[in-house]
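Peer 1: Since the structure of chain Y is already known, use the hints to place chain L on it.
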Amino acid sequence: MTTGDRVFEVMNYILLTAITLICFYPLLHILLASVSNPTALMAHSGLLLKPLGFTLDGYKLVFKDNSLLVGYKNTIIYVGLGTLVNMVMTIMGAFVLSRKDLYFKNFIMILITITMFFGGGLIPWFLLMKDIHLYNNLWAMILPTALNTWNIIILRTSFQSLPAELEEAATIDGASQAAILIRVILPLSKATLAVIFLYYLVGNWNSWFNAMVLLKDRELFPLQLLMKEILVANDSTATTIGSAGGVVIDSAQSSTAFRELVKYCAIVVSTVPILCVYPFLQKYFVKGVYVGSIKG
Amino acid sequence: MEIVRKSRKLAPSSEAPKPNRTRIRIKKDLRKNWFVYLLAIPVVAWFLVFCYGPMWGVLIAFKDYKPLLGFAQSDWVGLKHFIDFFQGPYFWRVTKNTLLLNVWGIVFGFTAPIILALLLNEIRDGKFKKTVQTITYMPHFISLVVVCGIIHIFTADEGIVTQVLQWITGKDYTSLLGYSGFFRPIYTFSGIWQNIGWDSIIYLAAMSSIDPALYEAAEIDGIGRVKKMWYITLPQITPIIVILFIFAVGGLMASGYEKIILLYNPLIYDTADVIASYVYRRGLREASLSFSTAVGLFSAVINFALLWVTNRIARRTSEVSLW
Chain Y
1 MTTGDRVFEV MNYILLTAIT LICFYPLLHI LLASVSNPTA LMAHSGLLLK
51 PLGFTLDGYK LVFKDNSLLV GYKNTIIYVG LGTLVNMVMT IMGAFVLSRK
101 DLYFKNFIMI LITITMFFGG GLIPWFLLMK DIHLYNNLWA MILPTALNTW
151 NIIILRTSFQ SLPAELEEAA TIDGASQAAI LIRVILPLSK ATLAVIFLYY
201 LVGNWNSWFN AMVLLKDREL FPLQLLMKEI LVANDSTATT IGSAGGVVID
251 SAQSSTAFRE LVKYCAIVVS TVPILCVYPF LQKYFVKGVY VGSIKG
Chain L
1 MEIVRKSRKL APSSEAPKPN RTRIRIKKDL RKNWFVYLLA IPVVAWFLVF
51 CYGPMWGVLI AFKDYKPLLG FAQSDWVGLK HFIDFFQGPY FWRVTKNTLL
101 LNVWGIVFGF TAPIILALLL NEIRDGKFKK TVQTITYMPH FISLVVVCGI
151 IHIFTADEGI VTQVLQWITG KDYTSLLGYS GFFRPIYTFS GIWQNIGWDS
201 IIYLAAMSSI DPALYEAAEI DGIGRVKKMW YITLPQITPI IVILFIFAVG
251 GLMASGYEKI ILLYNPLIYD TADVIASYVY RRGLREASLS FSTAVGLFSA
301 VINFALLWVT NRIARRTSEV SLW
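Heads up: the protein sequence lines correspond to chains Y and L, in order. In terms of the working numbering, the first sequence opens at residue 1 and continues consecutively. In terms of the working numbering, the second sequence opens at residue 1 and continues consecutively.
The following block holds chain Y by itself, in its conformation from the complex (with noise of 0.2 Å):
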């Protein structure tokens, strides 16, 4: 190992231990923050390392909101419908993608590869989900993102990596297309399946556009645009959390702090379960990205 070689190794750890730091600080500043006493908060500056005093009076007055439990319940059944929905049409999808000898492949094929290129836009779009009566309603939140094609692609590939002998010795045995696919090709492909059904139910967590501009009843909005209301000031309409609750409040000060609290509350609240998940199947999201690399 030469002086530069050396000098490098200790640039790199250096380096990289700089970029996890940054990377892993805002998170933990929000969390000390949410169990921070308010006021204490608004006038301490700089780095946050330790909880100022400790409180839960902000998660009591998260928890109390009734629309953040609306939103949280919301987001549970877009999330769970959405992400069967997700997965069926997402294998079905990429079976037909998969068969070797059908005829109409390419054409279905270049059919979904022009979507990724052209699009109609987003007014147009709009003004077809309000056409087809998918606005306001469950089912706007679950039909327009039934489909995502690079997941497609994903599972597409894996079901083509299987031995062509397998399907062919069902075939022998008399098995039809249907049981192919799901005595054969499914079982075979259960950690791509994890992988896209990972996928799919983050992007539906964290999912809030589509629900801003085609939800107009707040008893249906998901978690997300909850949190947009309360983290995103410049939005017109008001939150009722911090105000209501039956928490006294004295002065106009402490209901900013109260207020200021409640967000880093609220960040926790809806973080905390893909967090939660994460380390478990960070390798299952990693291995997706790399049988998604190889077609690429």
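Keep in mind that the hints were calculated from the coordinates and are not lab data. Careful, some of the hints might be misleading.
Said to hold, decoys possible - Here are the computed lysine-lysine pairs in the DSBU-like style, where the Cα-Cα straight-line distance is at most 35 Å:
| no. | chain 1 | residue 1 | chain 2 | residue 2 |
| --- | --- | --- | --- | --- |
| 1 | L | Lys-66 | L | Lys-80 |
| 2 | L | Lys-28 | Y | Lys-105 |
| 3 | Y | Lys-130 | L | Lys-259 |
What the hints assert, rightly or not - Here are some, though not all, of the chain L residues that point toward chain Y, as calculated from beta-carbon distances under 7 Å:
| no. | residue |
| --- | --- |
| 4 | Ile-24 |
| 5 | Pro-54 |
| 6 | Ile-142 |
| 7 | Ser-143 |
| 8 | Ile-150 |
| 9 | Ile-201 |
| 10 | Ala-218 |
| 11 | Ile-223 |
| 12 | Ser-292 |
Please read these numbers as outputs of a predicted model, since none were measured by experiment. All residues carry an ideal CB built from backbone N, CA and C; glycine is no exception.
Peer 2: Just chain L now, with coordinates in the frame of chain Y:
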């Protein structure tokens, strides 16, 4: 509509006098693969409705569309909306912003994950590498709304980033998102924060399949680590870099305007407003339906042109291209 769809799907095979062989092939195919086609129907239908459907709607860009009159009854105005846009007060602003934001995104946002991957690739310590990866992948899974919420919090009057900036420059600042000049850095670097880890995965995957013999040969020649990175690793992953670069330029991976809508405000429209956010505001908020569709169409055409040009250049200069 049903009939049109059906015949479009079967078009390749139903021209009038058809050689009997192909007809028979199709019949056999349908008989053998009827289940596959059954599954294909919802999938194709979905694409036709949700992807091709809106494409017809693009025509309202050439009309003075009034929802009450409906599509057929609204007047045809040809290129009026496009001309209005080009001559209007916001054309240069939104076009310039879109271009600049994309350039920033490519110069910084595209290169950062590559650098991270290169650095990570050189780490032998498995635990360290895994920890770095786990932590840098995390922000990718946080929803955009929450990320923007964090940005708002950190760049507020008393936010961390604001304070650091004040400490460094000695000047006083209020909420950083009120200054036009700060928007691009905030937008770009928060994007890097969120995606540097995740985007580096593909490059790491590509690097893991580089032939070790190349490194061994370099070792024998006494080439140092940095030079090895430059002369071996980078060139070996050039194909994937080129493909992803074409995607980036063509805006295929763009999630751009959602984040802008979450971050911008009228104070900073002059650097923050891009074509897509302009379309959203004019179309969905102010209901200028035809006009905003025209703007959106203009943007789509430009995107495709950029994509085509970049693909062309890639094809000429490297052997890698999208098509």
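Peer 1: Now, for every hint given, state plainly whether the structure supports it.
Peer 2: Now the hints, each set against the structure:
Pair hint L/Lys-66 plus L/Lys-80 holds up; C-alpha atoms about 15 Å apart against a cutoff of 35 Å. Restraint check: the Cα-Cα separation between L/Lys-28 and Y/Lys-105 comes to about 15 Å, which is no more than 35 Å; the hinted pair holds. Note on Y/Lys-130 and L/Lys-259: the hinted pairing holds, with a Cα-Cα distance of about 24 Å set against a maximum of 35 Å. The criterion of a C-beta within 7 Å of any C-beta in chain Y is not met by L/Ile-24, whose closest approach is roughly 11 Å, and the hint is violated.
Interface restraint check: L/Pro-54 against chain Y, minimum CB-CB distance 3 Å, threshold 7 Å, status holds. Hint status for L/Ile-142: holds, given a least beta-carbon distance of 6 Å to chain Y, under 7 Å. Satisfaction of the interface hint for L/Ser-143 is found here, the shortest Cβ-Cβ separation to chain Y being roughly 3 Å, below the 7 Å cut-off. Checking L/Ile-150 against chain Y: minimum C-beta separation of about 5 Å stays under 7 Å; hint holds.
Among the interface hints, the one on L/Ile-201 holds; its C-beta lies about 4 Å from the nearest C-beta in chain Y, closer than the 7 Å criterion. Using the Cβ-Cβ criterion of 7 Å, the hint placing L/Ala-218 at the interface with chain Y is not satisfied: the shortest such distance is roughly 12 Å. Below 7 Å, beta-carbon pairs count as interface contacts, and L/Ile-223 has none with chain Y, the closest being about 10 Å; its hint is therefore violated. The closest approach between the C-beta of L/Ser-292 and any C-beta of chain Y is roughly 5 Å, which is under the 7 Å cut-off, so the hint is satisfied.
Violated hints, listed in ascending order, are 4, 10, 11; each of the other numbered hints is respected by the structure.
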